[in-house]
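Trainee: As a plain string of letters, each chain reads:
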Amino acid sequence: MAMHPFAYANANSLEEAAANLDGETRPLAGGTDLVALMKDGLVAPKRLVNLKTVPGLAGVVAHADGLHIGALTTLSNLASNPELQERRDLAALVEALEESATPQLRHTATIGGNLLQWPRCWYFRNPQVPCWRKGGRRCFAFQGENKYHTIFGGGPCFAPHPSDPSVALMALDASVLVVGPQDRDHRNGFRVVPLAEFFVLPRRDHEWADGYHPVTLLETDEIVAAVVVPQAADGARSAFVKVMERGAWDFALVSAAVSLTMDGNRVAASRVVLGGVAPIPWRANQAEAALRGERVSEDGVARAVRAAVADARPLGHNEYKVALAKQALAQAFRALA
Amino acid sequence: MTMPFRGPAAVPLVLHVNGEDFHVFVEPRRTLLSVLREELGLTGAKLGCGHGQCGACTVILDGETAYACLTLAIDCEDREIRTIEGLMRGDSLHPVQEALIAHDGYQCGFCTPGQVMSAVSLLEHNPRPTDDEIREGMAGNVCRCGAYPNIIASVAAAAELMAAEGD
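So the protein lines, in turn, are chains E and S.
Counting in my numbering, the first sequence runs from 1 upward without gaps.
Counting in my numbering, the second sequence runs from 1 upward without gaps.
It should be emphasised that the hints constitute simulated quantities derived from the structure, not laboratory data.
Warning: the hint list may mix true and false statements.
[Claimed, not checked] A few chain E residues that don't get close to chain S, going by computed Cβ distances all over 10 Å:
1) 6
2) 59
3) 155
4) 221
5) 249
6) 264
7) 334
[As the list claims (entries may be wrong)] Under the rule of at most 20 Å between Cα atoms (straight-line distance), these lysine to aspartate or glutamate pairs were calculated in the EDC-like manner:
8) E:46 to E:222
9) E:46 to E:16
10) E:39 to S:38
11) E:52 to S:80
12) E:52 to E:99
13) E:46 to E:221
14) E:52 to S:64
15) E:52 to S:77
16) E:52 to E:16
17) E:52 to E:22
18) E:147 to E:250
19) E:147 to E:245
20) E:52 to S:78
21) E:147 to E:311
22) E:52 to E:234
23) E:52 to E:221
24) E:39 to E:210
25) E:52 to S:62
[What the hints assert, rightly or not] Selected chain E positions facing chain S (in silico; Cβ < 8 Å):
26) 5
27) 39
28) 248
By construction, the Cβ of each residue, glycine as well, lies at the ideal position given by its N, Cα and C atoms.
In isolation and in its complexed conformation, chain S is listed as follows (with noise of 0.2 Å):
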């Protein structure tokens, strides 16, 4: 029962992301996050600890939130890849991220991708969180500024201006 091992040298898949099919070249050991980042310029998603310690890889795998940088890109054929490049309707930014402005959501903004991407997962599981429901949903999530305080209240406006919506 010999089994057909590909690698370790580069080899082809096909990531779907955001929609798109991208037919990239690599090898086996790359995880999905070097990958969006160095051979699909989608840099939304970061590099934090490379350990899944801190989340600002997050990105959404088949609807569910997942850190990138654990995550071999060779795992995700045949799988949906969101990432916060493909949150935008037109010319309109997500209600999380119009939320998180209004609200002061971030100091230096670098772990913000990864968190945006927590929320927006959260309210599409459930649309009207309670606080304690919106701290536990974004608890992979780290911000070494500190704006937890307005990234739960971002997060609170957001899901009021979804449903207002009526997403």
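Chain E with its partners taken away, still in its complex shape (with noise of 0.2 Å):
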């Protein structure tokens, strides 16, 4: 498990670490991806640019648009921040970076990379088997073994993106500063990316130079610098869900986040969002189309619940998870009624 050998350095801005970066000098943060990628030999850098180093990018900040969550905030960090635990909009976000791995990764662990983790299919994570999200010609997962994979978007990836933080932040409408070269959109340094924008499913026109297939917009010379929490309407709850196949320390078999705003005691606007399911956090426009304007009774609970679920295309070892969505949605619905 030794990995390859590699340079260090500092950075002492982002400006400077954006800079260096390309395709063989990676970013590294909390690492608990990264390393784990790098002693598989999955990825093999030539240069770690050590992002810890650049003052201000951890920490959460009020600015007009909403919070700004440093990229290098740590989970245990940012779950335990006051004005999270104190707002019930962002109970969600809350929820889900306490169900998030263990005590240690939550220690070590940053928001940035927590949204930038690569699948934990078994077959990605294999260094013998040439699975297509790496490269390679095709999807081991499709006709394999397939119990922890998506419902939903799969192929040719059908891995399930891993993060809970990123389900709830995108049930809270939230978006990531990105920082890169000044040539592509990067207005005063900055490209502001919405979650639902940031996550791409699968697609064979989107590759690195690697031939990995990535999870996100990001390029390998761009970095996460921010996560911006958008200010939400008076009186907004959201609640998250999470289903394990044993009590703690384990990925979601599905997990659902719900932010809801009332207009009286019917629903004025809600996102609904869907984890553990598809190769990015799942958004169930159908749910949200069925709650609009009715209330959250049981009856308006589960023609929601049915919609979401309409579309899901489950693969051979896994049908399980279409009701154990629906089950989590109810669950985060009935912690907001």
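Two chains, two frames, some hints: make the complex.
Mentor: Here it is as structure tokens:
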């Protein structure tokens, strides 16, 4: 498990770090995914740029357009942030952070890195298996062992996105601030990308130079600087539910995040997102449409839940995820009723 | 803006471990776990899965638990590293260690140093945890012998011991 040799440098600024990145020079934050991938030889950068030495990249700051969460904020520091803890509209995010991984990983892993994780699929993680996601010709899960794989949006890769916070953040309509070269849509050095666009379904034409098919729009010379959570409407509330195979320290079989804004006792607006079911956090637009103008009653919830899974396409070994997704979503609604 | 890269050959590092400074000469690709075990002879932290999935390598970095197998040693310059070797006071075991012995909190013992470090850190942050808080605090350490009920009892007993000592 020895990693390939690499050189290492501490970055003093994001601009300096971004200017040095390319396919063979990668940014290092908490490293909980990158180091594991390097140990398995799945990635072998020649140089790492440590972002932890960049001032001001960790912490939560309130701006006019919402809360800016520095990309290097650890999951544990974010979960215990007093402002997040107090706000009912952000409850889904706190819940998702607290249910992620373990204390050790939450102390180390950063929110930026969490969004950028590679899939946990056992074919992808096995260096012997040349799967499509890492430049091979096909997905071995499609007709293989796919108990943990997708029921929405799969193909050519059927591995689900592993992040819990991303599911909550998408329900909160969050965006990321991306730093990169000035020549590519980075006004004032930044471009702002809504999470709904940041995560991309597997596409043959979306490929890095090393043949890998990335899960996000991020290019190899770009860095996520912050996650921006916009100010929610007055009275907005959110909830997150995660279902695991064991009681702790597991990736989600399925998860559900719901954000609701009410007009009296009827739903004015909602965002419904499922996790563990698709290659990206999966926005359930049909459930949102079914809820609009409705009460959060047993019938209303049942209709929304049915709508959320109407288009599910389970694989050979994961039909159970359809029922589980309905249950998780119903539970999230009950938490808000 | 060329950056001052170090390596890939061995570079000098100073690591602060259990209150002492250690000068080592290692490649940037070395994990904290491998440097602790192979350069410093501190073999308490164990290599289990090597992928942050078992917790046998748990150490305390700047007051918070972390997996040494996923941590680069070069990332630990200027950080306070604590391992199980630093817990004894004179000839006395740490109350967490005493409690694990008294309550049979292990069988084979391979995961125990990691369990101890998680328990120590938990009790430093939360001296009187509930059973649920103990379960949550210890969730990042797997015991394949399945000594979990006794581990939880041990941590609860250690909390009592430490409270009685006025720690």
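Trainee: Output the indices of the hints that this structure fails to meet, ascending.
Mentor: 1, 5, 12 and 22
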